[in-house]
Amino acid sequence: MKLPVTCPEKECCCGKTRCTPGKGLPKIILIGNPNVGKSSLFNALSGSYTLVSNYPGTSVEITHGKARIGEREYEIIDTPGMYSLLPVSEEERVSQLLLFEEKASVYLHVVDARNLRRMLSFTLQLLEAELPLILVLNMMDEAEERGIEINIPELSRSLGIPVIGTISSEEKGIEELKAAISEFTLENNAQKFRQKLDYGSEIEPCIEAVEGLLEPSEDAEISTGISRRAISLLMLQEDRTAFEYLRRAEKTPGYWDESHEKNSEEIRKLAKAASKITEVPLSYLFTLKRQEHVNGIVEQVMEIPEKSKNKSSGKNGKIRAQDDTGKKGSKTQNSNLDFSEKIDSILIHPVLGIPALFLILYFGLYLFVGVFAAGTVVDYLENTVFGGYINPFVTAKFISLVPYPALQDLFVGEYGIFTQAVTYAIALILPIVGAFFLVFSIIEDTGYLPRLGLLLDSMFKKIGLSGRAVIPMVLGFGCSTMATMVTRTLETKRERLIANVLLALAIPCSAQLGIILSILSGNPESLLIWFIVILLEFVLIGFLASRVLPGEAPTFILEMPPLRKPKLSNILVKTYSRMHWYFLEVLPLFVLASVLIWIGRLTGLFALALKIIEYPTVWIGLPPDAADIFLFGFFRRDFGAAGLYGMHDSGLLTGVQLVVAAITLTLFMPCIAQFMMTIKERGFKTALAISGFIFPFAFLTGFIVNTILKALGVSL
Amino acid sequence: MVTGNSHLPMKTTTLCAMEPRNTGKIDHLETKNPGILQKLMAMGILPGMPITLLRKSPSYLFEVDQTRYAVDREIANHIYVSC
Chain A
1 MKLPVTCPEK
11 ECCCGKTRCT
21 PGKGLPKIIL
31 IGNPNVGKSS
41 LFNALSGSYT
51 LVSNYPGTSV
61 EITHGKARIG
71 EREYEIIDTP
81 GMYSLLPVSE
91 EERVSQLLLF
101 EEKASVYLHV
111 VDARNLRRML
121 SFTLQLLEAE
131 LPLILVLNMM
141 DEAEERGIEI
151 NIPELSRSLG
161 IPVIGTISSE
171 EKGIEELKAA
181 ISEFTLENNA
191 QKFRQKLDYG
201 SEIEPCIEAV
211 EGLLEPSEDA
221 EISTGISRRA
231 ISLLMLQEDR
241 TAFEYLRRAE
251 KTPGYWDESH
261 EKNSEEIRKL
271 AKAASKITEV
281 PLSYLFTLKR
291 QEHVNGIVEQ
301 VMEIPEKSKN
311 KSSGKNGKIR
321 AQDDTGKKGS
331 KTQNSNLDFS
341 EKIDSILIHP
351 VLGIPALFLI
361 LYFGLYLFVG
371 VFAAGTVVDY
381 LENTVFGGYI
391 NPFVTAKFIS
401 LVPYPALQDL
411 FVGEYGIFTQ
421 AVTYAIALIL
431 PIVGAFFLVF
441 SIIEDTGYLP
451 RLGLLLDSMF
461 KKIGLSGRAV
471 IPMVLGFGCS
481 TMATMVTRTL
491 ETKRERLIAN
501 VLLALAIPCS
511 AQLGIILSIL
521 SGNPESLLIW
531 FIVILLEFVL
541 IGFLASRVLP
551 GEAPTFILEM
561 PPLRKPKLSN
571 ILVKTYSRMH
581 WYFLEVLPLF
591 VLASVLIWIG
601 RLTGLFALAL
611 KIIEYPTVWI
621 GLPPDAADIF
631 LFGFFRRDFG
641 AAGLYGMHDS
651 GLLTGVQLVV
661 AAITLTLFMP
671 CIAQFMMTIK
681 ERGFKTALAI
691 SGFIFPFAFL
701 TGFIVNTILK
711 ALGVSL
Chain B
1 MVTGNSHLPM
11 KTTTLCAMEP
21 RNTGKIDHLE
31 TKNPGILQKL
41 MAMGILPGMP
51 ITLLRKSPSY
61 LFEVDQTRYA
71 VDREIANHIY
81 VSC
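So the sequence lines, in the order shown, correspond to chains A and B.
When you line the first sequence up against full-length UniProt numbering, it's residues 1 to 716, in that order.
When you line the second sequence up against full-length UniProt numbering, it's residues 1 to 83, in that order.
Among the clues, some could well be false.
Now the in silico label distances, taken between C-beta atoms and shown as ranges [as the list claims (entries may be wrong)]:
{"id": "1", "chain 1": "B", "residue 1": "35", "chain 2": "A", "residue 2": "696", "range": "44 to 52 Å"}
{"id": "2", "chain 1": "A", "residue 1": "686", "chain 2": "B", "residue 2": "34", "range": "21 to 29 Å"}
{"id": "3", "chain 1": "B", "residue 1": "33", "chain 2": "A", "residue 2": "363", "range": "26 to 34 Å"}
{"id": "4", "chain 1": "B", "residue 1": "34", "chain 2": "A", "residue 2": "543", "range": "25 to 33 Å"}
{"id": "5", "chain 1": "A", "residue 1": "186", "chain 2": "B", "residue 2": "34", "range": "22 to 30 Å"}
{"id": "6", "chain 1": "B", "residue 1": "34", "chain 2": "A", "residue 2": "625", "range": "58 to 66 Å"}
{"id": "7", "chain 1": "A", "residue 1": "247", "chain 2": "B", "residue 2": "33", "range": "38 to 46 Å"}
{"id": "8", "chain 1": "A", "residue 1": "26", "chain 2": "B", "residue 2": "11", "range": "16 to 24 Å"}
{"id": "9", "chain 1": "B", "residue 1": "11", "chain 2": "A", "residue 2": "292", "range": "20 to 28 Å"}
{"id": "10", "chain 1": "B", "residue 1": "17", "chain 2": "A", "residue 2": "703", "range": "18 to 26 Å"}
{"id": "11", "chain 1": "A", "residue 1": "292", "chain 2": "B", "residue 2": "33", "range": "21 to 29 Å"}
{"id": "12", "chain 1": "B", "residue 1": "11", "chain 2": "A", "residue 2": "97", "range": "38 to 46 Å"}
{"id": "13", "chain 1": "B", "residue 1": "11", "chain 2": "A", "residue 2": "686", "range": "46 to 54 Å"}
Calculated pairs, DSS-like style, for lysine-lysine (alpha carbon to alpha carbon, straight line, at most 25 Å) [to be verified]:
{"id": "14", "chain 1": "A", "residue 1": "493", "chain 2": "A", "residue 2": "462"}
{"id": "15", "chain 1": "A", "residue 1": "272", "chain 2": "B", "residue 2": "32"}
{"id": "16", "chain 1": "B", "residue 1": "39", "chain 2": "A", "residue 2": "276"}
{"id": "17", "chain 1": "A", "residue 1": "272", "chain 2": "B", "residue 2": "39"}
{"id": "18", "chain 1": "A", "residue 1": "493", "chain 2": "B", "residue 2": "56"}
{"id": "19", "chain 1": "B", "residue 1": "32", "chain 2": "B", "residue 2": "56"}
{"id": "20", "chain 1": "A", "residue 1": "269", "chain 2": "B", "residue 2": "56"}
{"id": "21", "chain 1": "B", "residue 1": "11", "chain 2": "A", "residue 2": "462"}
{"id": "22", "chain 1": "A", "residue 1": "710", "chain 2": "A", "residue 2": "680"}
{"id": "23", "chain 1": "A", "residue 1": "276", "chain 2": "B", "residue 2": "56"}
{"id": "24", "chain 1": "A", "residue 1": "342", "chain 2": "B", "residue 2": "32"}
{"id": "25", "chain 1": "A", "residue 1": "103", "chain 2": "A", "residue 2": "276"}
Honestly, the hints are just simulated from the structure, not real lab data.
In this text, all values refer to a predicted model and were calculated from it rather than measured experimentally.
We treat Cβ as the ideally placed atom computed from N, Cα and C, and that holds for glycine.
With the sequences and hints as input, model every part of the structure.
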């Protein structure tokens with residue numbers, strides 16, 4: 001998820017969507033696997049704030065910041081996590097493209113110190129690409145907790161680059177890192193870092209042949225920081241970005257002599273020939289060769305205590321002895337690990353996991369967000385603070401100062417900018433989203449979301465999604481605009497589309513959910529009916545979509561970060577930063593709605609629009625007055641919900657009508673912002689098709705529920 | 001096929017056929033589906049690495065090196081383990 005960076009100096013962006021602090025300065029680019037702490041390191045280096053969570057794929061966009069290190073200023077760039085130079089998912093491709101397009105003074109490869117063995121292979125790739133590199137071993141504390149020892153100087157020697165250990169969440173090692181960056185850039189990259197890996201006599205000639213084809217004419221300007229050898233390797237693995245780069249280069253006049261025209265085809269032929277020789281996919285061969293080299297390094301520099309668990313292949317006595325001494329030293333830490341291990345096994349237990357989920361939902365969502373924030377707090381703010389003091393005061397002042405009824409109407413009338421837009425935004429929406437984001441931040445920082453993915457994967461498969469989709473879905477309860485963007489972490493186009501449709505249709509955003517919970521909480525049966533209908537809707541549409549849409553069923557693979565104790569400061573900053581973002585998004589739309597309604601009332605268009613919407617409104621069994629809330633709903637679902645809250649407050653609706661209105665409004669298209677995001681991620685046609693489906697469908701469902709409830713003679 | 005080196009006589013099964021709490025060594029990866037192969041390799045699930053299966057339900061949960069992964073049956077079937 002991406003929010004605008006909060007700049008400490010407030011000099012560039014605050015609140016604007018585009019923010020590029022430090023443009024034109026020498027660049028530092030952070031690269032690394034997902035969930036190794038790049039964003040937290042970015043925050044520590046730049047002093048600004050970008051979201052940090054405990055699950056892979058928190059950052060799906062590139063973040064720019066500015067950092068002052070020593071005497072110099074830098075532009076510092078945080079990238080979405082990537083596992084290797086060869087991308088698998090969309091957000092990895094975002095990072096890969098950046099590496100192709102930018103040329104930085106320093107690249108920081110951030111790795112999780114525990115997992116050196118798994119991550120060094122990417123370091124080798126970056127060295128192969130001849131990028132000026134510093135290796136950052138982050139999360140040294142978690143490595144130590146597990147008794148892992150790393151000989152940093154030795155590692156630095158064998159790679160030939162600086163290696164720094166850090167704990168970015170506690171800002172430890174940051175000074176050393178800054179010093180290393182200063183020193184590194186002062187040397188002006190005099191030494192080129194390269195680590196030439198030999199991929200074997202069978203394949204090396206092919207690599208060299210491709211490299212030869214890529215050689216530009218002497219005075220051509222080279223637009224990428226990545227070495228020809230690295231590009232050649234990517235091309236042999238038929239990487240799209242590398243070929244696109246080649247195509248661009250081919251179009252650049254003077255890049256090549258004319259003899260190089262048919263390079264792409266030539267390279268594809270070479271790739272085919274090469275994989276015939278090796279009999280396995282070339283990427284498999286390259287990865288294994290690199291890993292072999294990594295294993296050699298890791299054995300020299302890293303000591304991992306063997307676990308006490310039964311291990312059939314353990315045979316190294318020396319390591320075991322190390323283990324015993326390591327254990328005595330960290331007994332308390334081990335019992336901590338055991339404790340989190342126990343909680344972990346409950347959370348992902350196929351049977352116990354479900355009640356655990358409901359407990360979290362009940363306390364976190366229902367009691368805290370629904371009953372406390374949307375009930376008690378909103379009631380106090382709306383009726384006492386705004387209704388009792390602020391609004392009467394402001395209205396009286398305004399009317400005495402501005403004697404024009406039309407303007408009075410615009411600012412303090414029934415739908416006025418102040419009396420409706422501002423009041424709704426501050427008294428109603430803000431406390432609810434604030435409470436939700438607080439709970440959500442705690443949940444995501446513990447690392448519960450990937451566990452929920454594991455728990456629900458087999459159920460999600462039935463609606464065409466994998467367990468990975470749990471993350472955008474849960475996020476959707478916060479804000480479906482953010483969640484729509486996060487669907488890009490899903491692997492196939494089909495899965496992204498299904499997730500998008502379900503988000504737009506059946507996942508209520510926090511403000512709306514809070515209001516509905518609070519309106520319906522007085523009557524458990526109503527709440528149950530609402531819940532069941534929405535859940536059925538979610539499952540049914542997902543199921544149908546997975547049947548109708550072409551493409552393969554999704555597969556599920558997800559890294560499971562350790563359970564972590566959330567840090568209060570991170571939770572507060574994150575909640576604040578999301579509330580800030582949400583408020584800035586919500587307020588202009590609310591104000592816009594007030595202004596449009598005002599214009600509409602002056603011209604009579606408002607009455608006309610209401611007349612039209614009255615038809616479906618009456619059709620689903622609601623009083624004609626309720627057309628208001630659906631008109632609001634076109635601006636935002638939560639605005640509509642706020643309208644519903646108003647009608648409920650004045651006792652205008654019966655129990656059945658409330659449920660029907662709540663259901664129809666939940667299924668409604670979320671808001672203009674979400675629609676724009678859908679256009680951005682899926683394209684205009686798809687976005688239009690989704691809305692064209694959702695509006696009639698929401699009313700149809702309302703109609704069916706109303707008819708059934710009426711037929712059964714239910715009164716709520 | 002490139003495999004992890006092991007000199008002891010061992011039997012090779014897929015991860016699906018393993019019992020929870022058992023440890024083995026990744027022998028090789030099924031290479032017929034390039035998408036899945038690419039994902040597994042990118043995440044560092046590679047031949048020669050010790051692997052411990054922790055759970056089979058609700059999905060497969062295993063540990064390679066110091067990291068845990070959750071995968072579905074489809075993917076677990078692509079990982080061959082010797083133990």
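Consistency of the hints with the structure:
1. 35(B) - 696(A): 44 to 52 Å: Because 37 Å falls outside the window, the suggested range is violated.
2. 686(A) - 34(B): 21 to 29 Å: holds, 27 Å
3. 33(B) - 363(A): 26 to 34 Å: violated, 42 Å
4. 34(B) - 543(A): 25 to 33 Å: holds, 29 Å
5. 186(A) - 34(B): 22 to 30 Å: The hinted range 22 to 30 Å is violated for residue 186(A) and residue 34(B), with Cβ atoms some 44 Å apart.
6. 34(B) - 625(A): 58 to 66 Å: For residue 625(A) against residue 34(B), whose Cβ atoms are near 59 Å apart, the range 58 to 66 Å holds.
7. 247(A) - 33(B): 38 to 46 Å: For residue 247(A) and residue 33(B) the Cβ distance comes to about 28 Å; the hint is violated.
8. 26(A) - 11(B): 16 to 24 Å: Once the Cβ atoms are compared, 56 Å apart, the range 16 to 24 Å for residue 11(B) and residue 26(A) is violated.
9. 11(B) - 292(A): 20 to 28 Å: holds, 24 Å
10. 17(B) - 703(A): 18 to 26 Å: This hint is violated: roughly 52 Å between Cβ atoms.
11. 292(A) - 33(B): 21 to 29 Å: holds, 24 Å
12. 11(B) - 97(A): 38 to 46 Å: Hint holds: Cβ distance 45 Å, inside 38 to 46 Å.
13. 11(B) - 686(A): 46 to 54 Å: Because 49 Å falls inside the window, the suggested range holds.
14. 493(A) - 462(A): Roughly 17 Å between the alpha carbons, so the hint for residue 493(A) and residue 462(A) holds.
15. 272(A) - 32(B): Within the cut-off at roughly 16 Å; holds.
16. 39(B) - 276(A): Holds, at roughly 22 Å.
17. 272(A) - 39(B): The given pair, whose Cα atoms are some 21 Å apart, holds under the 25 Å limit.
18. 493(A) - 56(B): Measuring from Cα to Cα gives roughly 28 Å; hence the hint is violated.
19. 32(B) - 56(B): The hint holds at about 24 Å.
20. 269(A) - 56(B): violated, 43 Å
21. 11(B) - 462(A): Violated, because 34 Å separates the two Cα atoms, which is more than 25 Å.
22. 710(A) - 680(A): Distance ~42 Å between residue 710(A) and residue 680(A) Cα, so the pair is violated.
23. 276(A) - 56(B): At roughly 37 Å apart (the allowed maximum being 25 Å), residue 56(B) and residue 276(A) break the hint.
24. 342(A) - 32(B): violated, 38 Å
25. 103(A) - 276(A): violated, 35 Å
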